[in-house]
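Visitor: Chain by chain, the residues run as shown.
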Amino acid sequence: MASTSGPGGVLRRIRGSAYLFILPALIGLVFLVLYPFAYNIFISFTNMNTYHIRPCVNIFVPGTSCYNVQSNLFKNYLAVFADPAFLRIAVNTVIWTFANVIPHVTIGLVLAFVLNSKVRGRSIYRMFMIVPWAMPAFITLLIWKEMFNYQYGVVNALLAHIGVGAINWLNGGCSSAMLAMIIANIWLGYPFMMIIFSGALQSIPNELYEAASIDGAVGFRQMRYISIPLIKPTIVIGFFLGCIWTFNNFNAAYLITSGGPYAVSGGSVYGCTTIFITEAYNLAFPGGGALANYAVGAAYAFIAFLMLLLPGIFWTRYTGLTRRTS
Amino acid sequence: MKGNHNTGKSARKLVSTGAKHLFLILMSLISIYPVLYVIALAFSQGESLAMPNLLLGFIPLPTRFTLEHFTSILHLQVVTGSNFPVWVRNSLLITTTTVVGAVALTLPAGYAFSRRSFRGQQASMFSFLLPTMFPGVVTIIPQFLLFASLGLVDTYWAVIIPFIVGSLSLSIFIMKSAFDSIPREIDEAAMIDGAGEFRIFYRMLVPLTLPSIATVGLWSFMGAWLDFALSHVMLSNNSLWTLPLALYDFLQPNYTYYGSFSALSLVMAIPVFVVFMVFQKYLVSGLTAGSVKG
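First to last, the sequence lines map onto chains A and B.
Each step along the first sequence adds one to the number in our numbering, with nothing skipped, and position 133 is 133.
Each step along the second sequence adds one to the number in our numbering, with nothing skipped, and position 97 is 97.
Worth double-checking, as some hints may not be accurate.
List time: in silico DSBU-like cross-link candidates among lysine-lysine, alpha-carbon distance up to 35 Å [said to hold, decoys possible]:
no., chain 1, residue 1, chain 2, residue 2
1, B, Lys20, A, Lys75
2, A, Lys145, B, Lys13
3, B, Lys20, A, Lys232
4, A, Lys75, A, Lys232
5, A, Lys118, B, Lys13
6, B, Lys13, A, Lys232
Quick caveat, the hints were computed from the structure, so don't treat them as lab data.
Assemble the whole structure, with the sequences as input and the hints as a guide.
Guide: Printed below as a string of structure tokens:
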């Protein structure tokens, strides 16, 4: 770099200290993210649970003094894959991800287009539409849980007005609970997409539209041949980010239903709205004094990670996020 | 079509404008509906969720307007031995420490990534990015076991340290692009004047990145102020609870305080909401800072 060999080479002399600048952050990252990540993989190959944990003295050297914790080899993974519940949870995860992200992108795109046309009062509309994004999701999700209350919730009250009987959203059938969870999360997600698509639309130079209208292309044709192709990179980014975020959205998948209600499939109990990450969490932290199965929870967490790895690599490549800019 | 071509066109335009407004009004209403609902509940008497008061059949209004929930959450003892002031104090303590820690760690790291080139730079930048691909639970389980083995579960550190580290991925890249946007000539001029590197860093560059520091602070603030998943695991002793845990507890099946829940959720949400609306632009640019190619 030109500047480092600049005046008198002063910068070169103290170059060694660059590591000092990143060291504190790096230590945090190593001990709280990278090491736990490796440790999670280790746990997933053991029998670690509420009972097989206590004598683990030196946790920094996995396996050494944890005589109570034994290697399970692939037993956890085999058990997970053999469990009929696994398939249901996998299907839930896929449904959950796409049933959220596709509406997020679609609604966000439509709103961005409508708000980008010369509608009167669009800044006020825009302000209202940002509310789901600006309100803390943790809180609005709990509000949605109230709204879906069987007896008193406002959703059923509204349905009653149009003559639909009360639905037991959260504790009735599998599909109604999933639907409730997805409705709440669609509500949470479209404003972000709207914001990034509006930004992309506004960055398209006006001359392009003027030139197109001289050539006789108006309305939908402009949208089809100018707007959409030009904001396509942003749509791709939105879609991928949306998939990763939704797949990982613990709060949205946990706060409303906690994974329930429960049903039986092939002799094994599974949560109707349980996805990979909530299953991992519920296995490790079941609450109420139930057996905490850290090992199988860790296995589920690792499986979830592997499923994200491919889109994650694609995402990093696509955006060139680690590329140096200077 | 019969009639004047022009009137046909303007009529069609009128219809399309009307349709747009109808759509936008509907979407605006949907967007703010849960908030309207919780406002109505927070100002209604009683702890019940039953709320028959729907204006025009759909707009929620308070039944028998009252401020009792806002005054009562200040004294309410949901679980014996713990109360609202303690939770507020816990939340403030944890959040403040997190923000200070996050800014203190991100500033130098962002600086080094922007201004220096050193061996292992690409690799360490990538490793900071790596956690964004981890599902949160991949680290929650081992972090819990790690803190348990160190005897740190049920202490403030069990959440503060992971909060700080958890905010790094996004924050370091926000800070890096902030430093990238400051011309290097500034450093060089100061260096010729004899200023040392550290002095240049904190006397000249840091003041120029204040908006980004604010963004980093805001993100780490919101992460800590609103966290549930990690706090739920790490803080089981209710005298250590933060506001999100208290709020979650209001909705437990055995004792539901819907009125208090609604009041508390407004109290918790409004500061975040206001900050979000005011700093929207910075927040979006921070979020997409990394995603711009080049």
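Visitor: For every hint, state whether the structure bears it out.
Guide: Hints and how they fare:
no.: 1; hint: Lys20(B) x Lys75(A); in the structure: violated (58 Å)
no.: 2; hint: Lys145(A) x Lys13(B); in the structure: violated (41 Å)
no.: 3; hint: Lys20(B) x Lys232(A); in the structure: holds (24 Å)
no.: 4; hint: Lys75(A) x Lys232(A); in the structure: violated (45 Å)
no.: 5; hint: Lys118(A) x Lys13(B); in the structure: holds (12 Å)
no.: 6; hint: Lys13(B) x Lys232(A); in the structure: holds (28 Å)
Violated hints for the displayed structure, listed by number in ascending order: 1, 2 and 4.
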